[in-house]
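Colleague: Chains Y and V supply the protein sequences, listed in that same order. Mind the numbering: the first sequence is residues 64 to 503 in my numbering, read in order. Mind the numbering: the second sequence is residues 64 to 503 in my numbering, read in order.
Rather than coming from a laboratory, the hints here were simulated on the basis of the structure. The reader is advised that the hints may include incorrect statements.
Unchecked claim - Only part of the chain Y face toward chain V is listed, based on derived beta-carbon distances under 8 Å:
id : residue
1  : Q70
2  : S113
3  : E114
4  : I115
5  : A200
6  : A269
7  : A319
8  : P327
9  : E329
10 : A332
11 : N370
12 : L374
13 : P379
14 : V488
What the hints assert, rightly or not - With a straight-line Cα cutoff of 25 Å, these simulated DSS-like cross-link-like pairs (lysine-lysine) come out:
id : chain 1 : residue 1 : chain 2 : residue 2
15 : Y       : K126      : V       : K243
16 : Y       : K68       : Y       : K119
17 : V       : K400      : Y       : K119
18 : Y       : K126      : V       : K132
19 : V       : K177      : Y       : K119
20 : V       : K177      : Y       : K132
21 : V       : K68       : V       : K177
22 : Y       : K68       : V       : K132
23 : Y       : K119      : V       : K73
24 : V       : K132      : V       : K220
25 : V       : K68       : Y       : K132
26 : V       : K73       : Y       : K132
27 : Y       : K448      : Y       : K400
28 : V       : K220      : Y       : K68
29 : Y       : K68       : Y       : K177
30 : V       : K448      : V       : K220
Stated by the list, open to error - Covered by chain V, according to a simulated footprint, are these stretches of chain Y (three or more residues, beta-carbon under 8 Å):
id : region
31 : 229 to 240
32 : 301 to 308
From the three backbone atoms N, C-alpha and C, an ideal C-beta is built for every residue, glycine too.
In case you want the letters, here they are:
Number of protein chains: 2
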Amino acid sequence: MTLIKPQTLKGFRDYLPGPMLAREALVETARQVYRSYGYSPIDTPALEYSEILLGKGGDESDKQLFRFKDQGDRDVAMRFDLTVPFARFAAEHLNEIGVPFKRYHIGTVWRAEKPQRGRYREFMQCDFDTIGTDSAASDIETLFVIHDLIERIGFTKFTVRVNHRQLLNGLLDVIGLGDKSARVLRALDKLGKVGRDAVAAEMQEAAGATAEQAARVLDFAALNGDPATVLNGVEALLGGNERGMAGVTLLRDLFAAAERAGLPRERIALDVSIARGLDYYTGTIYETFLGDLPQIGSICSGGRYDNLAALFTNQPLPGVGASLGLDRLLAAMEELKLLSGEQTPAPVLVVQFDESRVAEYLRIGRVLRAAGLGTEVFPQARPLKKQLQYADRKGFRAALIAGEREFAEGVWQVKDLRAQSQQTVAEDALVATIAALVRQ
Amino acid sequence: MTLIKPQTLKGFRDYLPGPMLAREALVETARQVYRSYGYSPIDTPALEYSEILLGKGGDESDKQLFRFKDQGDRDVAMRFDLTVPFARFAAEHLNEIGVPFKRYHIGTVWRAEKPQRGRYREFMQCDFDTIGTDSAASDIETLFVIHDLIERIGFTKFTVRVNHRQLLNGLLDVIGLGDKSARVLRALDKLGKVGRDAVAAEMQEAAGATAEQAARVLDFAALNGDPATVLNGVEALLGGNERGMAGVTLLRDLFAAAERAGLPRERIALDVSIARGLDYYTGTIYETFLGDLPQIGSICSGGRYDNLAALFTNQPLPGVGASLGLDRLLAAMEELKLLSGEQTPAPVLVVQFDESRVAEYLRIGRVLRAAGLGTEVFPQARPLKKQLQYADRKGFRAALIAGEREFAEGVWQVKDLRAQSQQTVAEDALVATIAALVRQ
Numbered sequence: 064m065t066l067i068k069p070q071t072l073k074g075f076r077d078y079l080p081g082p083m084l085a086r087e088a089l090v091e092t093a094r095q096v097y098r099s100y101g102y103s104p105i106d107t108p109a110l111e112y113s114e115i116l117l118g119k120g121g122d123e124s125d126k127q128l129f130r131f132k133d134q135g136d137r138d139v140a141m142r143f144d145l146t147v148p149f150a151r152f153a154a155e156h157l158n159e160i161g162v163p164f165k166r167y168h169i170g171t172v173w174r175a176e177k178p179q180r181g182r183y184r185e186f187m188q189c190d191f192d193t194i195g196t197d198s199a200a201s202d203i204e205t206l207f208v209i210h211d212l213i214e215r216i217g218f219t220k221f222t223v224r225v226n227h228r229q230l231l232n233g234l235l236d237v238i239g240l241g242d243k244s245a246r247v248l249r250a251l252d253k254l255g256k257v258g259r260d261a262v263a264a265e266m267q268e269a270a271g272a273t274a275e276q277a278a279r280v281l282d283f284a285a286l287n288g289d290p291a292t293v294l295n296g297v298e299a300l301l302g303g304n305e306r307g308m309a310g311v312t313l314l315r316d317l318f319a320a321a322e323r324a325g326l327p328r329e330r331i332a333l334d335v336s337i338a339r340g341l342d343y344y345t346g347t348i349y350e351t352f353l354g355d356l357p358q359i360g361s362i363c364s365g366g367r368y369d370n371l372a373a374l375f376t377n378q379p380l381p382g383v384g385a386s387l388g389l390d391r392l393l394a395a396m397e398e399l400k401l402l403s404g405e406q407t408p409a410p411v412l413v414v415q416f417d418e419s420r421v422a423e424y425l426r427i428g429r430v431l432r433a434a435g436l437g438t439e440v441f442p443q444a445r446p447l448k449k450q451l452q453y454a455d456r457k458g459f460r461a462a463l464i465a466g467e468r469e470f471a472e473g474v475w476q477v478k479d480l481r482a483q484s485q486q487t488v489a490e491d492a493l494v495a496t497i498a499a500l501v502r503q
Numbered sequence: 064m065t066l067i068k069p070q071t072l073k074g075f076r077d078y079l080p081g082p083m084l085a086r087e088a089l090v091e092t093a094r095q096v097y098r099s100y101g102y103s104p105i106d107t108p109a110l111e112y113s114e115i116l117l118g119k120g121g122d123e124s125d126k127q128l129f130r131f132k133d134q135g136d137r138d139v140a141m142r143f144d145l146t147v148p149f150a151r152f153a154a155e156h157l158n159e160i161g162v163p164f165k166r167y168h169i170g171t172v173w174r175a176e177k178p179q180r181g182r183y184r185e186f187m188q189c190d191f192d193t194i195g196t197d198s199a200a201s202d203i204e205t206l207f208v209i210h211d212l213i214e215r216i217g218f219t220k221f222t223v224r225v226n227h228r229q230l231l232n233g234l235l236d237v238i239g240l241g242d243k244s245a246r247v248l249r250a251l252d253k254l255g256k257v258g259r260d261a262v263a264a265e266m267q268e269a270a271g272a273t274a275e276q277a278a279r280v281l282d283f284a285a286l287n288g289d290p291a292t293v294l295n296g297v298e299a300l301l302g303g304n305e306r307g308m309a310g311v312t313l314l315r316d317l318f319a320a321a322e323r324a325g326l327p328r329e330r331i332a333l334d335v336s337i338a339r340g341l342d343y344y345t346g347t348i349y350e351t352f353l354g355d356l357p358q359i360g361s362i363c364s365g366g367r368y369d370n371l372a373a374l375f376t377n378q379p380l381p382g383v384g385a386s387l388g389l390d391r392l393l394a395a396m397e398e399l400k401l402l403s404g405e406q407t408p409a410p411v412l413v414v415q416f417d418e419s420r421v422a423e424y425l426r427i428g429r430v431l432r433a434a435g436l437g438t439e440v441f442p443q444a445r446p447l448k449k450q451l452q453y454a455d456r457k458g459f460r461a462a463l464i465a466g467e468r469e470f471a472e473g474v475w476q477v478k479d480l481r482a483q484s485q486q487t488v489a490e491d492a493l494v495a496t497i498a499a500l501v502r503q
């Protein structure tokens, strides 16, 4: 018989145990943090009617849809993000869920992008949002969630950069560029890449700004330092503009609340230059950078939007939320050597030394598990050396060995696989000994 | 602007917070139990080359594939189970993973079945398997995993029914029906539904058995009682047949090991009549029934197979495993009223009583979360009554309330939402008070 070649599709990948253990740990941390703030989980189908998804992410996104006719000749497509399905979901279930509504959604999405290093056609998103309220409390809470999430993942050096879209919009109103904000923003978004002069030139060419107007915008974008100082600077530039001042007030409340709640000051920054896309966000904006690897880009981003589901319902649903960049974060953790490299979720391996004693090996596994100690029993009585090689390769912490002598005496040999030391332990002291070893 | 109708596809469904919290709890329990036995997580893509999936589940399964041409004109399809992708995975990564290899895989699969009550075109599977060994230890361990999983989910009354395919095959050899086993099995599989006489008739018509041969098979299938007695009865019928006796020996070891490891005797039964499909399983077979709802069918099923990935590799990969029937189990738990009905993952709601104090409400939320107490802060200063209605609707356990007087005195009002009682608590006693309340 001819074998079928076992291969994944171009742009797709399998997760082997090592990377999958790392991914599960991240997802679990996100779940715990989201839940601790009262965000509830939801899920939506992988497939939607194409009309639900089309036109929501622009032309590029439409081209990248995995779209087909199903058995009932329905025009269907695989979701390319979790935001559009959430908009559909919120409109469809509004009466059941009520507002305010806080949800998280951790799920796979698909985009037929050109495959390139580190970019896949299938990846997970990890979103949380509060909808149905425009209260500043939700903006502040979103910052707290991002902070606590990155801290719980294990980072100590990171910065959540916050901005508010209405600061710049207010300024543009004041200086008479209010109707050209999209073009001005598009130019400003390139500041980090191309520098001040090139941005000033683009603002004049593409947005019809005067040199003085461009300079005012760039002066604004150059404001930096501690949030209170920057906000005073912004206030001075705004000349009392109402929408701009609403943003200033919100950010003052946000930084005060962060201070009051004990978020380390150095982790929260005001950065009036970030814009995060052009059209979607209307208020607060968040980006998060790792202190040891800022160049990988923002690992958790989000913001406030005026209306989630305008295409599906007339009920306005303002909201605020953010999304953890799972793949980017995993890549960063790998580069920073923060992944443990373990291949096993259980720290203890029971060696199968004597096949006739398999019931004893299986029994002791259950004893240890009942005490919360994950334990694998090697399935076959292969040579001891082979089993210990298996243990090393997978990264077990301890091995249990017992043969005729140990069974006669009611003891176990406990091998510390890191220290390569071994001790004889009576069975009634076994749980305590292993627990201490695993905790080390 | 015309609104797009917000709707899910026929046969698909959204998960709202209540059902999703229940599903996440089940998945988390499965994950923990699988991990505690040393099964590692893997994941595979939702999409595969169609040739990987076609012909693996029979004609019916091929018809139910969501299959299409992708942007690169590749013939692709969405996975309809997790077993075929695992076979492809094992063959593709054999050198990296090594054997024995224990994996669990929790993921979504798609089948374009005719939608009917309780059947969806998208559902989750929850599989665990040990491959690369034919050791009886893995068969026994599979039983332990099933038992511990159902127990950890919260059931006390359930039965794992075990059988071994070679008992019956051995008998068929002995009585001269060895070459007709598929037809005999197909008839026998209907025993529970159509009764002894109809099965005997089908064996004679479809499998060409004599009346006496059919009677011998049905006598065998009627053996019941405690495992030791049944196995003695089987041994007597087998007349020393080697393959049959290998099954008898394995089951004797299995029941002895279960007894030794302390699995309650009434939860493990030998049922020589179960066959679990016709062709796939070759050794041990497992089915699991709830004591209070046996009619819903097996909620966790599996068995041993000779070779997982014969279509993809020449390396033989024997294995044994099982799958938790997540949707069936959720339906059973709903019917048995075992789902809590909670709509919130956080037990505590901080009422926003005074908008100017929002930083205090957000701060106390972080204090409680740091102590492991999930806490939602209501995002707006709506009337107290409305916020308490929200708390009741979502199923919060406790509400925290504070206004001017409380802030002046450094205290919080703690409302027990179940008992509808309220007490004043100093902030430094707050964590202990809430923790005690939530544990109740």
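Colleague: Compare the structure with each hint and give your call.
Modeller: Going down the list of hints, with the structure as the test:
1. Look at Q70(Y): its Cβ gets to within about 7 Å of chain V, closer than 8 Å, so that hint holds up.
2. Of the supplied interface hints, the one on S113(Y) is violated, with its beta-carbon coming no nearer than about 10 Å to a beta-carbon of chain V, more than 8 Å.
3. Satisfaction of the interface hint for E114(Y) is found here, the shortest Cβ-Cβ separation to chain V being roughly 6 Å, below the 8 Å cut-off.
4. For I115(Y), the interface hint holds, since its Cβ comes within 8 Å of a Cβ in chain V; the closest pair sits about 7 Å apart.
5. The beta carbon of A200(Y) is positioned within 8 Å of a beta carbon in chain V (closest approach about 5 Å), and the interface hint is therefore held.
6. Restraint check, A269(Y) versus chain V: the minimum CB separation of about 29 Å is more than 8 Å; hint violated.
7. Given the 8 Å rule on beta carbons, the hint for A319(Y) holds: about 6 Å separates it from the nearest Cβ of chain V.
8. Against a cut-off of 8 Å between C-beta atoms, the interface hint on P327(Y) is violated, since the closest Cβ of chain V lies about 13 Å away.
9. Interface restraint check: E329(Y) against chain V, minimum CB-CB distance 18 Å, threshold 8 Å, status violated.
10. Interface restraint check for A332(Y): the shortest CB-CB distance to chain V comes to about 19 Å, outside 8 Å, so the restraint is violated.
11. A least Cβ separation of about 12 Å between N370(Y) and chain V goes past the 8 Å threshold, and the interface hint is therefore violated.
12. For the restraint placing L374(Y) at the interface with chain V, the shortest Cβ-Cβ distance is roughly 5 Å, inside the 8 Å limit, so the hint holds.
13. With 8 Å as the threshold, the beta carbon of P379(Y) stays out of range of chain V, its nearest partner Cβ sitting at about 13 Å, so the hint is violated.
14. For V488(Y), the shortest C-beta to C-beta distance to chain V is roughly 20 Å, which exceeds 8 Å, and the interface hint is violated.
15. Simply put, K126(Y) and K243(V) have alpha-carbon atoms about 54 Å apart, too far for the 25 Å limit, and the pair is violated.
16. Proximity of K68(Y) to K119(Y) is assessed by CA-CA distance (about 38 Å); at most 25 Å being required, the pair is judged violated.
17. Taking the CA atoms of K400(V) and K119(Y), the gap is near 41 Å; set against the 25 Å cutoff, the hint is violated.
18. Among the hinted pairs, K126(Y) with K132(V) is consistent with the structure: their alpha-carbon atoms are about 14 Å apart, no more than 25 Å.
19. Distance hint between K177(V) and K119(Y) is unfulfilled; the C-alpha atoms sit about 30 Å from each other, more than 25 Å.
20. Taken as a hint, the K177(V) and K132(Y) pair is honoured in the structure, with Cα atoms around 16 Å apart against an allowance of 25 Å.
21. Distance restraint check for K68(V) and K177(V): the Cα-Cα separation of roughly 23 Å lies within the 25 Å cut-off, and the hinted pair is therefore satisfied.
22. Note on K68(Y) and K132(V): the hinted pairing holds, with a Cα-Cα distance of about 19 Å set against a maximum of 25 Å.
23. Straight-line distance between C-alpha atoms of K119(Y) and K73(V) comes to about 22 Å, which keeps the hinted pair within the 25 Å bound.
24. For the given pair, K132(V) sits about 48 Å from K220(V) by alpha-carbon distance, which is inconsistent with the 25 Å threshold.
25. With a C-alpha separation of about 19 Å, the suggested pairing of K68(V) with K132(Y) holds against the 25 Å cut-off.
26. As the CA atoms of K73(V) and K132(Y) are separated by approximately 13 Å, the hinted pair is consistent with the 25 Å bound.
27. Taking the CA atoms of K448(Y) and K400(Y), the gap is near 30 Å; set against the 25 Å cutoff, the hint is violated.
28. This hinted pair does not check out: K220(V) and K68(Y) have alpha carbons roughly 46 Å apart, beyond 25 Å.
29. About 23 Å separates the Cα atoms of K68(Y) and K177(Y), which keeps this hinted pair within 25 Å; it holds.
30. At most 25 Å may separate the alpha-carbon atoms for a hinted pair to count; K448(V) and K220(V) exceed this at roughly 43 Å.
31. For the region 229 to 240 of chain Y, the proposed coverage by chain V is not satisfied: 0 residues have a C-beta within less than 8 Å of a C-beta in that chain, short of the threshold of three.
32. As drawn, the region 301 to 308 of chain Y meets chain V at 0 residues by the rule of a beta-carbon pair under 8 Å; below three, the given contact is violated.
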